[in-house]
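K.L.:
Residue numbers (the working numbering): 8 to 371.
Derived SDA-like pairs (lysine to any residue); straight-line CA-CA distance at most 20 Å:
no., residue 1, residue 2
1, 163, 327
2, 368, 256
3, 231, 254
4, 292, 327
Label pairs and their calculated CB-CB ranges:
no., residue 1, residue 2, range
5, 370, 76, 36 to 46 Å
6, 210, 237, 43 to 53 Å
7, 237, 166, 44 to 54 Å
8, 223, 72, 16 to 26 Å
9, 327, 215, 13 to 23 Å
10, 232, 90, 32 to 42 Å
11, 259, 207, 36 to 46 Å
12, 210, 370, 40 to 50 Å
13, 156, 340, 37 to 47 Å
14, 259, 360, 26 to 36 Å
15, 359, 210, 32 to 42 Å
16, 160, 370, 37 to 47 Å
17, 270, 186, 16 to 26 Å
18, 259, 164, 37 to 47 Å
Simulated from the structure, these hints should not be mistaken for lab results. From a predicted model like this one, the values you see are computed outputs, not experimental measurements. No residue lacks a Cβ here, since even glycine has one placed at the ideal position from N, Cα and C.
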Amino acid sequence: MNGEKIIGNGARALCAAVLFLITMAIGLSACGKGEDSGISTEPMGTQQAQKTETVNPLTGLPGFSQAAVGKRPVAVMINNAPAARPQWGLCSPDIVLEGLAEGGVTRMMWLFADVQSIPKIGSVRSARHDFLEMAEGFDAIFVHWGGSVYAYDAIKQRSVDEIDGMSYSGSYFYRDHSRNVGMEHTGCTDGERLAQAIEKLELRQTANQVYQAPFAFTEEGKPKGLSGGTCESVAFSFSNAYTHTFRYDADSGLYQNFMNGQPMTEDGGKQMAVTNVLVLYCPVKSLGDASGCIDMDLTGGSGIYASNGTQEPITWKKGNTPSSPLKLYAADGTVLTLNAGKSYIGLVPADRQGNTIISDKKEL
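Start from the sequences and build out the full structure, keeping to the hints where you can.
P.N.:
Spelled out as structure tokens, the structure:
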């Protein structure tokens with residue numbers, strides 16, 4: 008009897024062990040399917056990267072701050088008069104947009120996807136209604152120091168979220184007098200001040216869904232070549248006094264900006280360079296006032312896109328509504344895919360389209 012009891016207990020122990028192993032095998036099989044288990048078989052480092060890796064919606068580049076995901080961009084009006092050069096922070100924006108103000112002079116609007124990333128920038132300058140309309144097309148918070156009567160009327164009529172240095176000098180804006188230039192060339196701000204302004208003024212921070220991914224991008228490090236052929240440089244002009252030449256540097260994969268034949272640099276000497284150069288042609292007309300203000304037709308038109316040492320003709324569209332987003336299209340009518348990186352957008356007068364020169368030869 009004792010011998011039989013020992014054998015019985017051993018059999019029961021053996022059966023229990025077998026059942027445990029079967030249960031474990033079933034569990035592992037379920038985990039292998041990746042369903043309902045909540046367990047990943049990927050290395051921990053990979054899991055962490057997937058959780059934290061985010062992409063800048065204005066550049067397509069990874070490493071974007073999680074805190075900025077889904078937030079509205081900031082658009083800042085920047086002076087481009089000779090006395091304002093070199094600008095503070097010229098190389099920092101995700102997108103530099105340039106167009107005429109009046110008298111053949113251009114102004115820039117710098118777009119940042121993450122307000123916290125903005126260094127000292129300036130000089131901040133007054134608004135023009137065309138730039139305001141471009142900012143609205145990105146659902147951006149508009150930053151300026153003063154403005155034309157047309158810009159102020161549009162801000163009021165459309166209840167645009169904006170931060171004006173005329174109202175907040177000394178708090179969210181300040182002046183740098185180190186250059187001994189006119190007062191209008193001294194206005195500055197930065198991300199810390201603008202983030203405080205956005206909070207204090209209770210401006211909407213979350214971007215509307217339709218604006219959260221304004222452009223399509225290639226994967227970082229895998230730039231595409233464009234269909235129009237080689238482009239070692241592209242030159243164009245806004246007026247006789249404001250011309251740009253972007254020259255391709257194969258080592259960096261960037262187009263370096265030369266203004267009026269000279270390197271366009273930020274304060275400190277670093278030259279502005281971008282992955283994408285977009286020249287968008289638009290009709291420009293005078294508004295006939297004493298200030299010489301102009302109006303750009305921003306409904307759409309043709310253009311040139313240069314990137315990765317190549318170029319192609321494109322079309323663009325914004326539509327009749329100020330809040331309509333900017334849309335870019337390849338020559339075949341499909342949505343244009345930009346190479347991942349920073350961009351320059353020039354709103355060039357249509358009557359100067361014939362002055363654009365695309366070269367397939369390197370500069371000597």
